[in-house]
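Student: So the chains spell out like this:
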Amino acid sequence: MSKIFVFLNRFKFIPLSIIFLLALSSSIFAESSAEIGDVKIAINTIWVMFGATLVFFMQAGFGMVEAGFIRAKNTCNILTKNFMDFAMASLGFFAVGYAIMFGTSVHGIFGTTGFLLKGLPSMTGDIPTFVHWLFQAMFAGAAATIVAGAMAGRMKFKSYMIYSFLISAVVYPIVGHWVWNSHGWIANMGFLDFAGSTVVHATGGWAAFIGAYLLGARIGKFNKDKSANAIVGHNIPLASLGVFILWFGWFGFNAGSTLSGMDFNTIGLVAINTNLAAAAGAFITMIIVWVLYGKPDLSMIMNGALAGLVAITAPCAFVTPIAAIIIGSIAGVVIVFGIKLVDKLMVDDPVGAVAVHGFNGLWGTLAVGLFHSKLGLFYGGGLHQLIVQTIGVVACISFVVFTMFIIFKMIDMTIGLRVSREEELKGLDISEHGMEAYAGFQLFAND
Amino acid sequence: MKLITAMIRPENLPDVKEALLKADVGKMTVSNVIGCGQQQGYKETYRGVKHEIKLIKKVRLDIAVNDAFVKVAIDAIIKGARTGNIGDGKIWVTPIEECIRIRTGEEGKDAIG
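So the sequences go chain by chain: E and R.
First residue of the first sequence: 0, per numbering that gives the first Met the number 0; consecutive thereafter.
First residue of the second sequence: 0, per numbering that gives the first Met the number 0; consecutive thereafter.
So here's chain E without its partners, still in its complex pose (with noise of 0.2 Å):
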């Protein structure tokens, strides 16, 4: 039996070596320049779609993570946001959103081609215009989706709508702009943020704390000596298999964001760094929580697994895996007390998106400027870098809360943010959605 197996496991590696060397026969072999050229632009291509359908699968992530953290009777309403911000984002990003973000730039503060797709050259850098789309879109929809978890439980589905159109249409966009466009004004200052600290997360996160802020808490949130209750999630499961998706697609989001399938040495650096920076965000975490509150407690130690993906997204590309390890380990810190605070603030966030993706995107992107392995603080870079990410950081989140705020009271003052107190209590599912996540199951009122 052991010798048909070692045998067979001989003839394992035929297939794989023959398509191997047809691949370097043909590279190597190549009539012309061109073709290699193509070559090249096929393993790109190959590699950036790999990247935006990992990203794509991160909606589900969030959903799943969301739905798990907030309580049974809106879970369909908060499965119906994540859906249709993705919807929303889509259309919202084809039809202005990547004009605005990389179309030819206006002093550096906003694009103006490319509306509908139109007119817009087959290329961009090394990959089709039409793949790039695709992978800056679902970045797009992360963004307008991080809002869901922390306005979850009490804002209204049309409002949501509109919010998530805007968002993924023009405010991310602009952002986008500044900084991934090359001639964006934060991009012509040396800013550096690889895959989004700022551009998703803080943007998602600061927008959701200004949401949140202004939507109010839920009812049964704060009692009136201004301390927080817990509001417990109702399936634990769910959300963690959201946090495992999550982490999974991040490596899309990360190691995507290179662009290039033939840059390997960034993406096996980028790689490695996502995946400690999480680890080490978890296990901070952990330990934290485990001295403060006696136990290690699940929902915490996910917020520091995302906490510490969020951080490494900007300066994953930048940094050494020891650095790494360092930004995820603060990113754990940061996660604790930044939850704490936004209790202490007041502000009701269900799900610890403010704290995740606002902090750690902010965290993220100063990071940068300490641990570059060239430019950064402790590296013998000086103080230039970080002073120019701490500008380009606050320039975007600034904007960010200032335009959100607008945007929110505008909806607040036309059809409202925020369902009547007696569709909250009986949950969103039936007064919004006229449906439940759980039929056929007894919800219990224990609260």
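Check before you lean on any hint, since a few could be wrong.
What the hints assert, rightly or not - 30 Å max Cα-Cα, derived DSSO-like pairs, lysine-lysine:
{"id": "1", "chain 1": "R", "residue 1": "K21", "chain 2": "E", "residue 2": "K225"}
{"id": "2", "chain 1": "R", "residue 1": "K26", "chain 2": "R", "residue 2": "K78"}
{"id": "3", "chain 1": "R", "residue 1": "K26", "chain 2": "E", "residue 2": "K225"}
{"id": "4", "chain 1": "R", "residue 1": "K16", "chain 2": "E", "residue 2": "K339"}
{"id": "5", "chain 1": "R", "residue 1": "K26", "chain 2": "E", "residue 2": "K425"}
{"id": "6", "chain 1": "R", "residue 1": "K16", "chain 2": "E", "residue 2": "K225"}
{"id": "7", "chain 1": "R", "residue 1": "K26", "chain 2": "R", "residue 2": "K42"}
{"id": "8", "chain 1": "R", "residue 1": "K108", "chain 2": "E", "residue 2": "K425"}
{"id": "9", "chain 1": "R", "residue 1": "K1", "chain 2": "E", "residue 2": "K343"}
{"id": "10", "chain 1": "E", "residue 1": "K425", "chain 2": "R", "residue 2": "K56"}
{"id": "11", "chain 1": "R", "residue 1": "K42", "chain 2": "E", "residue 2": "K425"}
What the hints assert, rightly or not - Cβ-to-Cβ under 7 Å is the rule here; a few derived chain E residues that face chain R:
{"id": "12", "residue": "M48"}
{"id": "13", "residue": "K373"}
{"id": "14", "residue": "F377"}
{"id": "15", "residue": "G433"}
{"id": "16", "residue": "M434"}
{"id": "17", "residue": "Q441"}
As the list claims (entries may be wrong) - Computed beta-carbon distance windows for the label pairs:
{"id": "18", "chain 1": "R", "residue 1": "K21", "chain 2": "E", "residue 2": "F401", "range": "42 to 48 Å"}
{"id": "19", "chain 1": "R", "residue 1": "V71", "chain 2": "E", "residue 2": "S397", "range": "36 to 42 Å"}
{"id": "20", "chain 1": "E", "residue 1": "D224", "chain 2": "R", "residue 2": "V71", "range": "48 to 54 Å"}
Keep in mind that the hints were calculated from the coordinates and are not lab data.
Cβ atoms here follow ideal geometry from the backbone N, Cα and C, with glycine treated the same way.
The hints should help you fit chain R onto chain E, whose structure is shown.
Tutor: Same frame as chain E, but now just chain R:
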């Protein structure tokens, strides 16, 4: 000694509990039940198809009180549970023959406490 039983809307439970605590009635048993009264169900939709729910989720409170507390407890429940719409629920009161606290063996009024 009376047993006050109330059927209320689940979403009114926080208000009822608060009103009861204010009236110094702090002991209760709460159960999740389904049933129907005058309201006769509500509608849900599932993939575009309407579907009638005949039995509605309600919360049942069982509160044993001494006679002096019957009125205040009932008032508190009404205060927390009344919306003025159909489906607010019902309260009924039944006499209690005996009450014993298991830990101490106390009986009657003292056991209800």
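Student: Mind checking the alpha carbons of K108 of chain R and K425 of chain E for me, to see if they're no more than 30 Å apart?
Tutor: 37 Å, violated
Student: Does the structure keep K1 of chain R and K343 of chain E at a Cα separation of 30 Å or less?
Tutor: Measuring from Cα to Cα gives roughly 44 Å; hence the hint is violated.
Student: Between K21 of chain R and K225 of chain E, is the straight-line Cα distance small enough, at 30 Å or below?
Tutor: Distance ~20 Å between K21 of chain R and K225 of chain E Cα, so the pair holds.
Student: Taking the least C-beta to C-beta distance, is Q441 of chain E closer than 7 Å to chain R?
Tutor: Hint on Q441 of chain E: holds, closest Cβ of chain R at ~6 Å, below 7 Å.
Student: Does the hinted range 36 to 42 Å hold for V71 of chain R and S397 of chain E at CB?
Tutor: For V71 of chain R and S397 of chain E the Cβ distance comes to about 54 Å; the hint is violated.
Student: Can the restraint linking K42 of chain R and K425 of chain E be considered satisfied, given a maximum Cα separation of 30 Å?
Tutor: At roughly 14 Å apart (the allowed maximum being 30 Å), K425 of chain E and K42 of chain R satisfy the hint.
Student: Is it true that the CA of K16 of chain R sits at most 30 Å from the CA of K339 of chain E?
Tutor: 28 Å, holds
Student: So, as I understand it, the hint says K373 of chain E touches chain R; can you test that by seeing if any CB pair is closer than 7 Å?
Tutor: 57 Å, violated
Student: Would you mind confirming whether the straight-line C-alpha gap from K26 of chain R to K225 of chain E stays at or under 30 Å?
Tutor: Between K26 of chain R and K225 of chain E the Cα gap is close to 26 Å, so the pair holds against 30 Å.
Student: Take a quick look at whether K26 of chain R and K42 of chain R sit within 30 Å of each other, Cα to Cα.
Tutor: 35 Å, violated
Student: A range of 48 to 54 Å was offered for this pair. Does it hold for the Cβ distance of D224 of chain E and V71 of chain R?
Tutor: 26 Å, violated
Student: Given G433 of chain E was flagged as interface, is its beta-carbon under 7 Å from a beta-carbon of chain R?
Tutor: At about 5 Å, which falls below the 7 Å cut-off, the nearest Cβ of chain R leaves the hint on G433 of chain E intact, so it holds.
Comparing the model with each numbered hint stated earlier shows that hints 7, 8, 9, 12, 13, 14, 19, 20 do not hold.
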